[in-house]
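We have chain A; now place chain B onto it with these hints.
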Amino acid sequence: MTAADSQPHTEAPPPAEAERRAHAPLWRRVLQVVAVPAVAVVGALIVGAIIISLSSLASGSLDLLLPLRAYADMFQGAFGSTRGILFTIASATPLILGGMAVGIGFKAGLFNIGAQGQFLMGALGSAAVGAWLAGAPGLVAVPIAIISGALLGAAWGFIPGALKAWTGAHEVVTTIMLNFIAGAVIGYLVTGPLEFEGFSFSRTGPLGNAELPAFEGTTIHLGVFIAFALVPVVWWLLWRSTLGFEIRTVGANPDAARYAGMHPALITILTMSLCGLLAGLAGAGQILGISHFMTPSYGTSIGFDSISIALLGRSNPFGIAAAALLFGAMRAGSGLMQINAGIPVEIIDVIQALILLFLAADIVIRRMLRIRADGAEPEELQTVTKSYGSGNAL
Amino acid sequence: MDVLYGIPIIGVLIQFIGYVVEVTPGIAPIVLGLAAPIALGAMCGIMNERSGIVNIGIEGMMLSGAFAGFLVAGLVHQSMGPVEGFGPFGITPALLAGVAAAIVVAMLLSALHAWLSITIAADQIISGVIINVAALGLTGYLNRLLITPNPRLGAGTFSTFRIPPEVADFPVIGWILEMFLEQGPIAISVVAFVIVLQVLLFRSRWGLRTRAVGEHPRAAETVGVNVVRMRYRNVIMAGIFAGLAGAYLTLEGTSSFQNGMTAGRGFIALAAVIFGRWTPVGAFGAAVLFAYSGAFGQAIRIRPPGIEYPDLGAIVAAIPSQVYGSLPYIVTIVILAGVVGRSIPPAAVGRPYRKEEQT
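Line by line, the protein sequences are chains A and B.
Letter 208 of the first sequence, counting from 1, is numbered 208 in the working numbering, and no numbers are missing.
Letter 7 of the second sequence, counting from 1, is numbered 1007 in the working numbering, and no numbers are missing.
Next comes chain B alone, as it looks inside the complex:
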């Protein structure tokens, strides 16, 4: 530790900034990939919470989507045999069927959540926990039953779009283009989803009504908005995003399914919703931040700061590698603790709505 002795903090900070600048171009392409499932989960969370429904079952919806996508894609692939991928993303019928299955399963779970929290007026957090427990149990059960005896099942992944190397080498702009475009189809479309949802939520009639239902359902009802139908529709449609996030995990990010492979991404997505103040663009930014912390942890493990940054290197080497592995979780807690008090949720979130009884 004598290396650290007597060196002002500023020096280490400068080295840290230097290291960040140095590794960022290398990790830029994986950041959006890591952010995609979190951002998609956050879009699901925003659509739920803006219409007044808490959804902590995103994790389970994602996991079920991942499983269903992998299974259906694998089965279609098996029955059709290898098919030449189409277009820059290598789209095959098997992969498309997988994505569709992931979306359908996540929407079915969303419908269950909607029924429990709107019609039954059950506790919405408990409803979410049920979905998480059920997803973990059912996917584990079916994984053992259907996928384990069939180890060669799998339909591969979507291909990654490649931008020309002359463009990618361009400083800053090249890195940004690389981050957003050197991706599979689901990760690329995340940006479009975020922008579309942001515009719809704040510039359309649907958005105004959704926000009204989430802020003051009784007032919305008096001006003729059907609160129950609106909530049902939004919660079920939000399942599309959770399904896509799941499909990303098994059909784009990796080509396999493991029990519990979502590893808390659904919950990190919830933190992203809060940090992004319930706006799609903000939540996307938060997701990128979480993803960056994860990618940075990987970068430190693969390419630790060495000779150029001796003091930083000594500090980094002194910290156990598990710390970098859990950076996203630590960052989530810190951000929740630091930001939540100043971030105001939709007023009616988590409260079941009952029409006033006619007397």
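This is chain A alone, in the form it adopts within the complex:
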């Protein structure tokens, strides 16, 4: 039994219908794409509200208005002031890059759970090189620090890619193991060779001129512009370049790709490295633009956030940017929510999981909305597990 047998067989639409679909009004086509993610987000917020209401039971009485107040606070925190909006944009920045790091992987049929480790290695690389170049002129220090972070991230992505291509080790397990190993590497280097003396805690040295230029008094730094500028670049790469075509072909059918003269092993390694590059860039931006130094146990939730964002954005860079802004807003607003409404910020993770749940059960949503299964399920849902445990090197 092959994968094709088990998938519901979708026939090519008759020409007339295809033409009708191509000439459907723009709003209808947009609606077709946006409907399921939108329902997923709304549904997750509703279920999240139920959970918040129920958790008010812990403090005595059932408070049905608590979720409304919590969401209002969250909205207030994210969009209520110029500062809030800028914070939302800054919070979305690493998520855009991380989301694309996972999304490109999906296009190649790879499930990159390693954005976390790649991000951390990128952060480490730029913190180390940035501290080393602290005295150099900014025009030299900044680009080199950014590039070294991105390259270290790419190297951390290369490892699972190469293991997958050459030995068949599944990237889901190897990337997660590499996340833990990245944590250990950082723990060692930041408390050891890279530690900067003169602080009460372990950290890397000051960045000096390698800090990213930022608007005075805001969190909007150069990395924000780089991330947003990369959105159309990645879109072009995936849908308009030869490499993107090969990535998508390998993701859809490695055998067909091989018959067409492509090299699935090479594309796998290249894609994972590219994913690592983007996640590493996210780490570099956070260190050089926001934190300005690295600690031995640098905390981030970017790993799972990126997966949710890539799925919510349908692996499309523009969709990912929109999803990242949504998640950035939730992260930016959650602080105010925790202070005012007393809801732990971890509710964001719960809402995130609920969004994923609704997305995975999108057949149910489609039936609810009576959306015709144009092109069946979203592509990434079909391609990801094709290779699981097949045990064959590419």
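Think of the hints as simulated: they come from the structure by calculation, not from any bench.
All clues stand as given, with none of them false.
Dumping the calculated SDA-like pairs for lysine to any residue here, alpha-carbon to alpha-carbon at most 25 Å:
#1 B:K1355 x A:M368
#2 B:K1355 x A:R366
#3 B:K1355 x B:W1206
#4 B:K1355 x B:R1211
#5 B:K1355 x A:I365
If you anchor each label on the Cβ, the simulated ranges turn out as follows:
#6 B:G1224 x A:L243: 47 to 57 Å
#7 A:E195 x B:I1344: 42 to 52 Å
#8 A:N340 x B:W1206: 51 to 61 Å
#9 B:N1150 x A:P213: 43 to 53 Å
#10 A:V33 x B:I1091: 52 to 62 Å
#11 B:L1146 x A:P193: 36 to 46 Å
Calculated from the model, a selection of chain A residues having no Cβ within reach of chain B, i.e. all distances over 10 Å:
#12 R29
#13 A49
#14 A72
#15 A134
#16 E195
#17 M262
#18 F318
#19 G335
Just so it is clear, the structure is predicted and the values come from calculations on it, not from any experiment.
Virtual Cβ for every residue (Gly too), placed ideally from N, Cα, C.
Quick look at chain B alone, frame taken from chain A:
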């Protein structure tokens, strides 16, 4: 580094073997303890994958089980007051309630996974990721909400069975007995679970049908096996193992809950499944190997090879301690990379099954 200079590799290797032999009796009792959650997770993985379902949500099921077990045991303990432990394991009603809660929660998550991957035919890896994200988020949320304001919550742990010291001092056999028997009830029962599952899987009607459903569901259906029901039942029952693994973490191994305390054990369990070639006994062996690498890392940190093994000691001292801490992760990657190509999974694993449409 001049100590290392000019010494043949053989010498270091002999010292290494000597050191391993020396520390092994000391770490033997903790090896099975470390292996227990991994082995239980692997049993969960085997039952899933043998029936054709990929489950990477074991980590999340374990974490939820650990949390639910800790919370329920703590609450029961609080409402009942201290109770004298019963039998050699110090069993109390609170601990039993905790284990039951852990199992129930893990089975509920398994049911969700079964629904998503069998009925909805969603991507099974994404379904697993959802369970992991949801478990991490919900346990973190509820931990902050329920356990943090209540720092004295907790029901303690099961006691460890003690074998008589004369037996334990007996070389080799004593160590092995110590490893398998100086444990709490969950870790001791792991061995029994492994043997029972191995026999059931390869010697019973249920096992034959399970394997058929995982290898060739269409063929199984034609001879009258209800593929959907079989997969549902196996996936949900497998949750018991994930729940027990979670209960082990908070009710036997330690007596506290921390966010994300499973620390990748669910994924290491998956690697153990592959390394053990989808057999319970093999996966158990792999789990023991992973656990040994972890325990060995601890041993090196606590009792580094010193005067008796000078060359080895110099090498060990030159390697940062974090390397030993991440030994299980490194070993997992190396084993996956080295073994996976020669290890053949059930043929239909990860593929949603649809009955043929009647025409």
